[in-house]
Amino acid sequence: MLGRLASQRLREIRQVFRQLPQVSRSFSTALNYHLDSPDNNPDLPWEFTDANKEKAKEIISHYPSNYKQSAVIPLLDLAQQQHGGWLPVSAMNHVAKVIEVAPIRVYEVATFYSMFNRTKVGKYHLLVCGTTPCMIRGSREIEDALLKHLGVKRNEVTKDGLFSVGEMECMGSCVNAPMITVADYSNGSEGYTYNYYEDLTPKKVVEIVEAFRRGEKPPHGTQSPGRINSGPEGGNTTLLGEPKAPPCRDLDAC
Amino acid sequence: MGLGHLASRALLRSSRLGASKPSHHLLRRTVVSTPELHNSEAAAAEAQPEPDLPKRTPVAGARVHFPNPDDAIEVFVDGYPVKIPKGMTVLQACEVAGVDIPRFCYHDRLSIAGNCRMCLVEVEKSPKPVASCAMPALPGMKIKTDTPIAKKAREGVMEFLLMNHPLDCPICDQGGECDLQDQSMAFGSDRGRFTETKRSVVDKNLGPLVKTVMTRCIQCTRCVRFATEIAGVQDLGVLGRGSGEEIGTYVENLMTSELSGNVIDICPVGALTSKPFAFKARNWELKGTESIDVSDAVGSNIRIDSRGPEVMRILPRLNEDINEEWISDKTRFFYDGLKRQRLNDPMIRGADGRFKTVSWRDALAVVAEVIHQVKPEEIVGVAGKLSDAESMMALKDFLNKMGSNNIWCEGNGPNPNADLRSGYIMNTSISGLEKADAFLLVGTQPRVEAAMVNARIRKTVRATNAKVGYVGPSADFNYDHEHLGTGPEALTELAEGRHPFYSTLSNAKNPVIIIGAGIFGRDDKDAILAVTEKIAKNINAVRPDWNGLNVLLLNAAQAASLDLGLVPESEKSIESAKFVYLMGADDENVDKLPEDAFVVYQGHHGDKGVYRANVILPASAFSEKEGTYANTEGCAQTTVPAVPTVGDARDDWKIIRALSEVAGVNLPYDSLGAIRARIGTVAPNLLQVEEREPAVFSSVSLRPDVKGTIGKAPFGSVVENFYMTDAISRASKIMAQCSALLLKK
Amino acid sequence: MASSVKYLRVPPNSGSLEEARRRVFEFFKTACRSIPTIMEIYVLDDVVSPSQLRSTIASEIRKNAHVTNPKVIDMLLFKGTEELNLIVEHSKQRHHMLGQYVLGHNLIHDQGNNDTSDFLQKFYKGNYY
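Protein chains in written order, with the UniProt record's numbering: chain A, 1 to 254; chain B, 1 to 745; chain C, 1 to 129.
Just so you know, the hints here were simulated from the structure itself, not pulled from any lab data.
Ideal Cβ placement from N, Cα and C applies to all residues, glycine included.
Check the hints yourself; a few may be wrong.
What the hints assert, rightly or not - Partial selection, computed: residues in chain B whose CB lies under 10 Å from chain A: (1) 162; (2) 163; (3) 204; (4) 224; (5) 228; (6) 235; (7) 236; (8) 237; (9) 241; (10) 244; (11) 245; (12) 248.
Next up, chain A with everything else stripped away, as it sits in the complex:
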């Protein structure tokens, strides 16, 4: 009897959860297939710039000559930096040609990794960490503030082409949660940066965005004034004295 009641209650709870509007778990690009568009189709020419050709050569030289295809991830990354943060299908085709594999093998890799964007992103791609510690510390509010301030939906680019907002999984800055990452594609692959902004509040994140809009580069890392890197706020509270020397066994004593 009790068991039946319990299971019924459980079912009711589940029902409630199911009716919640499900936040779509979209990664960098939702679709696993390509749709031709004027700025993304296989007929567009795409090549590495001369500087990047050198870089690509250097990357390929890290791998044995008969395993060129191992260079697919760094080359895709390079192509993405060069192309303003995303990979059109012609860029993937070019990478496939460089490493001498069938294009589908490159598509497989590019669709697998969520850090490869296959649709257009802003010059500043803002990635909000959505994993548990950040979520508990308010990453949803951060994202809402960003989206509201920029007037876009997730994975959409602002009209001026400067910003886009995406979600990302844990980036290991949980001590300073909540945090966002800013991938800066505004200066091509030479000036490419990928920085963390930690200890955010909805107000601070808007300030950071505005600083970017003005062309500034706000200092990355923790945004909390009382904290150094990931140390505790207001200085250490423990481990204050000199650390003791390691205890050594007195071999003569025995």
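Place chains B and C on chain A using the hints.
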């Protein structure tokens, strides 16, 4: 285990209890059939130490081949000891021991993926269940396949697989022959715990042959591995990750492979099904007939599935020596041509140029009357590319009795050489190609001429990095090759050792030369053959232990026709002919035929040959008759009737036999057995069905000297359109769609 | 089931040969009128033409041309009507139609004579013996 098996085990136990009584010995004989156990002493010696284990037979005829006897290891499957060679996987060991392990992603002709996890078994001292398909068997391994752990593991895997699998079996074409269905009945749980919504996946367009319902896909990646490894078209891939993972081409891309239909067979679920067969029939309604394919000279073994008088689909049959377990798309999908443009009734062309339906009696009387009015040397017979050996034998005998010897099979050229069998068959044999380490393709594009031979070459190239040289027009290959030239001059260079590819050939241990049957139509055919033979001699391709000089034929009838000696007396006979008997010959050039010549067309399709015909005699197609076909390697195989003939058609040999009687030159055979006995006197190798008879003499040593010189004309491509080569495939709608959509223009 | 039986009402016996003959023609017309429906539900377009089916029906009827007893004709008519009903109600499958009414129905019928051999006589009769 069957009831009978259980009963026999019980009997065995009872007989052991009273082994001293001689009367039980009889009982035991009925139970144990191994000969050494008939010896009572041996039986007694063995009965004591061994646990009570039933004898097991390997699954699906799994054979153990020990390349090196020292490498044998012993493992225990459910306590039953089994000897296997080193390097076998746990799953293969279980198969040898007679235990069938459920699997989805594992396929013995593809690389191992190990991603479906259905083949989990318990191995002693292993902390977790082991994926048997990817785990090499180690000496002394104790494998347990029916323990609670293994069963629970399978049940769990099955629950995960079914989580996102739609419950649409009633509208799924795979229903009834679905691995997932069968294995969930055998190993799955009777309920699932998944209450969320199932995912759905966008269907992909793979062309006119393969229908996709990607929501049903379980991501076994068999199709991806097949396309990459066997078909050699890298179009399919695994896209995305996690629950968003799907099989696709990413960019819009039809699967333009001549073997694409095979992904339908290897797909364990209903994700990839046959588009022409979609919603046409259920597989349990179909009658399977094991027959032979005639669309090319390979003679792939097929199963014709029919319902009533209709051929519903064609599937491959396993034959390791010829087609393994694949067939080409033409073989698989040209069956709908069997239902269109068929000749139903005997017809005679009237004075107004229109055909009028007549009775067999009248039609045969007219033909018999005309054939007696012409001179014997003006009678010509041409056998079509789909003719069986029996009807060709009858046609030859009939025309010979009429005094003519102008009879040939189309595709063999004006001056075929049937003297040496080694001069027109594939001496290496199709499976023998796997031992080769260098190929020279002369004027042949095996990909379109014989797709299964091409698959063998590709398999060899992939496995052993064999080098391929190609002489002929630029063509599409799905393996690395070196284009040596377009004309015969490249052959001259090779024969004189001047060509850079010559060193590759001469350094090869088992070189193979494949000459395309397209050269049979050339005037300098003998000279080209002589040059090729010289190359073969220089690179030592023909030795007592290895014959690497091959001819790749084009048509199903070719090998048998040459075996039977269908060689015309004169090359120009068609220009002076007054009576032409076309037995299914549609591609013979009849432009040069005199205006007043009388043409009889005997065949099953209203194709090209009918345009010039005066009399039409309807015959049965390969799916409707029993006939012997020799494939390009000289292996005789027989077709079996799967469906009844259409309309008032008759079997080919019966028509000729009846005509001979009406014409007053009675052929002395009334039955298939009698005509086969007659074939036995001409070409006994055609009676050794399903056994390849190699040619005795090689042509290198016996061929007479050739006087002709090699021409300058480059080799042409023989097969312009892979999907339309004969009367049946030209009548097929599916093949027309394929040639419109898939041919690379 | 019941509905199909309802329509199969046994008509009163034909009084004379003339009446039976009239009924046969009526049946033939009914059958011919249902040919388009039959072609559609059994997807027969690519294997047979309406005129071929009409002549098949006619030849099926002519098979019994020698019958003169009105009662026997009535009985045959009843069987024919029943068969037609089954076909129109889609109680049969496509291959039944193909096997019974499409294949082996050729317009030319051979009159055998005995001056030929056994083989030839069988040959004229059909492909299977």
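Hints, one by one, checked against the model:
1. 162: With a closest approach of 20 Å, the residue 162(B) hint is violated.
2. 163: violated, 16 Å
3. 204: Where the cut-off is 10 Å and the nearest Cβ of chain A is about 8 Å from residue 204(B), the hint holds.
4. 224: With a minimum Cβ separation of about 9 Å from chain A (threshold 10 Å), the hint on residue 224(B) holds.
5. 228: Holds - the Cβ of residue 228(B) comes within 10 Å of chain A, reaching about 8 Å at its closest.
6. 235: Hint on residue 235(B): holds, closest Cβ of chain A at ~6 Å, below 10 Å.
7. 236: holds, 7 Å
8. 237: holds, 4 Å
9. 241: Holds. Min distance 5 Å.
10. 244: Nearest chain A Cβ about 6 Å off; hint holds.
11. 245: Hint holds; residue 245(B) Cβ to chain A Cβ min 8 Å, cut 10 Å.
12. 248: This interface hint holds because 6 Å falls under the 10 Å limit.
Hint check: violations occur at hints 1, 2; the rest are consistent with the structure.
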